[in-house]
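Protein chains in written order, with this note's numbering: chain R, 1 to 102; chain W, 1 to 548; chain E, 1 to 309.
One thing to keep in mind: the hints can contain errors.
Keeping only pairs whose Cα atoms sit at most 20 Å apart, straight-line, the calculated EDC-like set for lysine to aspartate or glutamate is [stated by the list, open to error]:
hint : chain 1 : residue 1 : chain 2 : residue 2
1    : E       : K109      : E       : E66
2    : W       : K544      : E       : E66
3    : W       : K544      : E       : D202
If you are wondering where the hints come from, they were derived from the structure by calculation, not from laboratory data. Please read all numbers here as calculations on a predicted model, not as lab measurements.
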Amino acid sequence: MESLTFRHTTKKPLPGSVPNAITGVVASGNLEVLLERVLPPDACEVAIETPIAGYGDVWEAVVADFVARAQPGGLRISINDGGARPDTVSLRLLQGARLMEA
Amino acid sequence: MTEWRGERLARDARIAAGRTHATGKVVPAAAVVDLLEAILRPGDRVCLEGDNQKQADCLARGLSACDPGKIHNLHMVQSGIVLPEHLDVFETGIAKRLDYSYSGPQGARIAKMLYGGQIELGAVHTYLELFARYFVDLTPNVALIAGVSADREGNLYTGPNTEDTPTVVEATAFKNGVVVAQVNEIVDKVPRVDIPGDRVDFVVEADRPFYVEPLFTRDPAAMTETQILIAMMAIKGIYAEYGIRRLNHGIGFGTAAIELLLPTYGEKLGLKGKIATHWALNPHPTLIPAIESGWVKQVHCFGSEVGMDRYIRERPDIFFTGADGSLRSNRAFCQTAGLYACDMFIGATLQIDLSGHSSTITQSRVAGFGGAPNMGSDPHGRRHPSDAWMKAGREGQIVGDPALMRGRKLVVQLVETFGDKLVPTFVEQLDALELARKIGLELAPVMIYADDVTHIVTEEGIANLLLCRDADEREQAIRGVAGYTEVGRGRDRAKVEELRARGVIRRPEDLGIEPLDADRALLAAKSIKDLVHWSGGLYEPPAKFRNW
Amino acid sequence: MAGDRSARTDPDTLSWYEATARQRVTALADPSSVREFLPPTERRMSPHLPLFDLPRAFDDGIVVGEATLDGAPVLIAAQEGRFMGGAFGEIHGAKLVGLLRVALELKPKAVLILFDTGGVRLQEANAGETAIAETMRAIVDVRAAGIPVIGLIGGRAGCYGGGGLIAGTCSRLAVSEGGRISVSGPEVIETNKGAEEFDSRDRALVWRTMGGKHRRLTGGADAFCADTVSAFRRAALDLIGRAPAFDLDTLEAEQARLEDRIARFGDCHDATDVWRRLGVNDPEAVPAMDTDAFDAIVARVGEMDHDAR
Numbered sequence: 001m002e003s004l005t006f007r008h009t010t011k012k013p014l015p016g017s018v019p020n021a022i023t024g025v026v027a028s029g030n031l032e033v034l035l036e037r038v039l040p041p042d043a044c045e046v047a048i049e050t051p052i053a054g055y056g057d058v059w060e061a062v063v064a065d066f067v068a069r070a071q072p073g074g075l076r077i078s079i080n081d082g083g084a085r086p087d088t089v090s091l092r093l094l095q096g097a098r099l100m101e102a
Numbered sequence: 001m002t003e004w005r006g007e008r009l010a011r012d013a014r015i016a017a018g019r020t021h022a023t024g025k026v027v028p029a030a031a032v033v034d035l036l037e038a039i040l041r042p043g044d045r046v047c048l049e050g051d052n053q054k055q056a057d058c059l060a061r062g063l064s065a066c067d068p069g070k071i072h073n074l075h076m077v078q079s080g081i082v083l084p085e086h087l088d089v090f091e092t093g094i095a096k097r098l099d100y101s102y103s104g105p106q107g108a109r110i111a112k113m114l115y116g117g118q119i120e121l122g123a124v125h126t127y128l129e130l131f132a133r134y135f136v137d138l139t140p141n142v143a144l145i146a147g148v149s150a151d152r153e154g155n156l157y158t159g160p161n162t163e164d165t166p167t168v169v170e171a172t173a174f175k176n177g178v179v180v181a182q183v184n185e186i187v188d189k190v191p192r193v194d195i196p197g198d199r200v201d202f203v204v205e206a207d208r209p210f211y212v213e214p215l216f217t218r219d220p221a222a223m224t225e226t227q228i229l230i231a232m233m234a235i236k237g238i239y240a241e242y243g244i245r246r247l248n249h250g251i252g253f254g255t256a257a258i259e260l261l262l263p264t265y266g267e268k269l270g271l272k273g274k275i276a277t278h279w280a281l282n283p284h285p286t287l288i289p290a291i292e293s294g295w296v297k298q299v300h301c302f303g304s305e306v307g308m309d310r311y312i313r314e315r316p317d318i319f320f321t322g323a324d325g326s327l328r329s330n331r332a333f334c335q336t337a338g339l340y341a342c343d344m345f346i347g348a349t350l351q352i353d354l355s356g357h358s359s360t361i362t363q364s365r366v367a368g369f370g371g372a373p374n375m376g377s378d379p380h381g382r383r384h385p386s387d388a389w390m391k392a393g394r395e396g397q398i399v400g401d402p403a404l405m406r407g408r409k410l411v412v413q414l415v416e417t418f419g420d421k422l423v424p425t426f427v428e429q430l431d432a433l434e435l436a437r438k439i440g441l442e443l444a445p446v447m448i449y450a451d452d453v454t455h456i457v458t459e460e461g462i463a464n465l466l467l468c469r470d471a472d473e474r475e476q477a478i479r480g481v482a483g484y485t486e487v488g489r490g491r492d493r494a495k496v497e498e499l500r501a502r503g504v505i506r507r508p509e510d511l512g513i514e515p516l517d518a519d520r521a522l523l524a525a526k527s528i529k530d531l532v533h534w535s536g537g538l539y540e541p542p543a544k545f546r547n548w
Numbered sequence: 001m002a003g004d005r006s007a008r009t010d011p012d013t014l015s016w017y018e019a020t021a022r023q024r025v026t027a028l029a030d031p032s033s034v035r036e037f038l039p040p041t042e043r044r045m046s047p048h049l050p051l052f053d054l055p056r057a058f059d060d061g062i063v064v065g066e067a068t069l070d071g072a073p074v075l076i077a078a079q080e081g082r083f084m085g086g087a088f089g090e091i092h093g094a095k096l097v098g099l100l101r102v103a104l105e106l107k108p109k110a111v112l113i114l115f116d117t118g119g120v121r122l123q124e125a126n127a128g129e130t131a132i133a134e135t136m137r138a139i140v141d142v143r144a145a146g147i148p149v150i151g152l153i154g155g156r157a158g159c160y161g162g163g164g165l166i167a168g169t170c171s172r173l174a175v176s177e178g179g180r181i182s183v184s185g186p187e188v189i190e191t192n193k194g195a196e197e198f199d200s201r202d203r204a205l206v207w208r209t210m211g212g213k214h215r216r217l218t219g220g221a222d223a224f225c226a227d228t229v230s231a232f233r234r235a236a237l238d239l240i241g242r243a244p245a246f247d248l249d250t251l252e253a254e255q256a257r258l259e260d261r262i263a264r265f266g267d268c269h270d271a272t273d274v275w276r277r278l279g280v281n282d283p284e285a286v287p288a289m290d291t292d293a294f295d296a297i298v299a300r301v302g303e304m305d306h307d308a309r
């Protein structure tokens, strides 16, 4: 298993007040994303556990694009990956952010 | 004096030798090897019918059991290398040379045998190309074909999977060749005559019904949100934009998702009757909801699909059917229809390079082409206009006299940026080139050349290559939809944004599509069982697709 | 915890087969009534899977909690069939056992188990097998305390292995067409006995032997549901209302019924033979029937409604 952690500073906090949410399932080609509103409003941390090693730069790019787009300030995001493709990861992250904004 | 009837006399001799194992034209399954050894000669060109669906498997087993001392160095000319026996004959020396089109399930073994020199390869063709050569320089001496039933005169009923049979028989029977048909049963009267008896020399009652694989059944239960998103973009950004009525779909999950979105998402966009009305397509089960909702006017088929027979019989307004009620398919005609009478081909591929060349060949698998290079090409012989064709032509024409402008067929590649096991779809160089070097192919096995491709659709967006004005723009347009692959991450971000501003690249949001709306709830059918319900119980899916 | 894709959890349209465990629980219970125990934020994950380089799940593939159903308090456990086939591991099993034990204190109207499992997780087999035994023991205690335990079965993984054993100890079972109940799975049977005995790729055979319709027709399940969450909710409410007493009479009747079943159907070679003997006129037509048509057959045959399951 490979563990990756990315920390970002955001311009604003993610709107809404849902304290936590989870989306997705750990299965082949899928992943679960747990989002918790526990960090300072301008901070976002994404921690990943993946069985597929060697894709750190791809994860970094996916997370950076997500942070730029969603501005998920205040969120600690934890991912259990089942070998998902990057597009699935992006989709789950956006789904998770939407749940937190609800 | 010139002998003008040498071939004819040789054929008569072969038939006479074969008759000693027959009662009239009828040969028992147990005598297949004797029959084949009697009618074949070393070095013969042989078509052992291996279609997409219908397989002359009893004759294939017979051929592979022949004595290589008597029968050897055959030149196999057949569209499909599908069954293990199709390659076994090269291991024993019964066959030596091969010209073919498609080798899906045997792709890995064929690559190994090519590399090991056991097969002398002529070429990997498209279907139409191989059929064409049957009439010019690859005419079979012997054709071993398959049908559902025959009478004692040899009148043949192919069943719904007529596929290649008429073409193979035409080339063989009318040029001094011998035609052997295996059938599931001998009957007093066939339901309809697909091949007249005077073109069939021997009829073998097979020991078991010929093998058919359900190649075109895609289980909606396996469709992902990403595939649905891509399908939404294709419908809104291409089908609607160009008003595509006449089309051909590939066999992947992406195009199956489009079929399932027509009655839901397509309906919501008000596109019914405006797009996807006339098809050159196998009878895909996933098209049932669109047919039942009145989207589809007619469908001509290359072959049939397992489980669709009853449904097709009850929908003669949609499908081409015979006097007996069952489907009449024909690969040569349907390929021609796809080439000349369709305004768009849309399908998937395994690899796309920086220019837009694509291939389904990887270093260890030679899958062949089938019909994709014909479907996925812009036919320069086309002379009839249509709105979609003319619009694409205008987009692609940069210079020259507008009065002499011609249209363009839309050739759309629908791909996810990563395939199974995180293998990237976008690459700097196609594996096909390395394979060609390794096994010494003169022509690299490219499925669709870059100059035929007009659009690439991925989950990241649509790249309209018609609007690219030079090679650099083209490369950045491709990189710009290549997602998080190395090719995608290697993009020039400023250039990609410029292309987006010009509409060369369009993102989901540029099309008014919210990626989070790409939900399985949009599928008109979410399971095979749903397809059965849509069909009113007429679709009978094979056991491997059932969960009831 | 905000549910998994809350936008899709309309119980009338949400497919049980397609839904995740958390979606099933959320949509099954009264709106906003679910309180999850040991939710994903607690990160009670498998201690064993990392040894095998396998990914873990924050809830170890099972959702447990309390909720209300038509206003009455219930406890709910739901297995996630897509995580490791819904298989029992140490944490997964402990959460289910713990839920059943707390039922003795909380005294809910019922305990609902939403099965979706292939059995025991190979990587933590000892813990998993122990959990199966402990769960069966706990169910017996809960039923003895007068609390019905209702099993709901309609997920992708079916209800196999130890899950099939546990289901056998429940008060009542509801199943959908896609649901399967058995102990040895199709592949296991084929591996041990050969494809001639049981061809696991013949999915029609698998479903008519282990699927929801067969289990309902032979009384192995007490209710048959359409594949929606609201259908399972209605079935659960109905079954809670008519759970059998857990006493010696019930068990003896059950034993008698099982003996009778072997005597009547033991020589049948296919499920369709069983259905024909039950009085189904056109057994070949059963697999394709919709829920209404099938319900009519069930009502006419009547065999399966029996206090002893």
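Consistency of the hints with the structure:
Between K109/E and E66/E, the direct Cα distance comes to roughly 11 Å. Compliance with the 20 Å bound is thereby established for this hinted pair. A C-alpha spacing of about 39 Å is found between K544/W and E66/E, which places the hinted pair above 20 Å, so the restraint is violated. Between K544/W and D202/E the alpha-carbon distance is near 6 Å, which keeps this suggested pair within the 20 Å criterion.
Hint 2 from the list above is the single one not met by this structure.
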